[in-house]
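Generate coordinates for the entire structure from the input sequences, incorporating the hints supplied.
Protein chains in written order, with my numbering: chain A, 1 to 107; chain B, 1 to 114.
It should be emphasised that the hints constitute simulated quantities derived from the structure, not laboratory data.
The list that follows gives simulated cross-link-like pairs (lysine-lysine, DSSO-like), each with its CA atoms no further than 30 Å apart:
1. Lys39(A) x Lys63(B)
2. Lys63(B) x Lys103(A)
3. Lys39(A) x Lys107(A)
4. Lys63(B) x Lys24(A)
Quick caveat: nothing in here was measured; it's all calculated off a predicted structure.
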Amino acid sequence: DIQMTQSPSFLSASVGDRVTINCKASQNINRYLNWYQQKLGEAPKLLIYNANSLQTGIPSRFSGSGSGTDFTLTISSLQPEDVATYFCLQHNSWPRTFGGGTKLELK
Amino acid sequence: QVQLQQSGAELVKPGSSVKISCKASGYTFTSYDMHWIKQQPGNGLEWIGWIYPGNGNTKYNQKFNGKATLTADKSSSTAYMQLSSLTSEDSAVYFCARGVMDAWGQGASVTVSS
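Laid out in structure tokens, this is it:
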């Protein structure tokens with residue numbers, strides 16, 4: 001199975017900050033990586049698919065980059081409504097595997 | 001719009017089985033895979049398996065072989081997951097998600113307790 005190592009596990013930032021979250025795959029997954037946002041008690045919401053494509057309806061302050069084994073989710077200017085847990089998913093290989101999640105809080 | 005409506009919370013006894021449903025609307029049910037995912041507090045997310053409703057093909061995470069059985073009813077656009085021989089380790093929220101996991105159900109909580 002492909003291991004997805006996500007960092008950091010916890011992140012505290014201020015409104016307006018630039019925030020980056022990383023996922024590292026244990027082997028090459030090309031660009032088959034999605035990023036999700038999950039708020040407490042809700043279903044995950046797709047933010048970015050195939051490493052760098054913004055899902056319809058998602059604010060442009062969210063962006064993704066990377067290929068191969070190293071990927072980054074960036075929030076260019078943190079907003080209060082971005083408080084959530086973020087996680088990555090590789091869909092290059094079976095079984096699909098997820099990163100461990102990053103809990104983002106406001107400082 | 002695409003919607004996946006899951007069945008409600010379940011409280012079940014150890015050793016029993018439970019069947020969770022996921023009713024799809026807003027798209028052609030038979031044209032997209034349906035995935036099932038397990039979420040436990042502190043344990044993150046685990047992919048359980050996948051069914052293609054168009055032909056019933058399935059693929060499972062080896063870890064869930066014998067635990068989960070995926071089916072789909074084309075007539076009602078509903079996917080199902082049955083979990084068997086339940087233990088406390090199966091207590092979790094279970095999600096269905098379409099295709100490349102661009103849309104998710106709201107989750108179904110399963111609590112295994114005597």
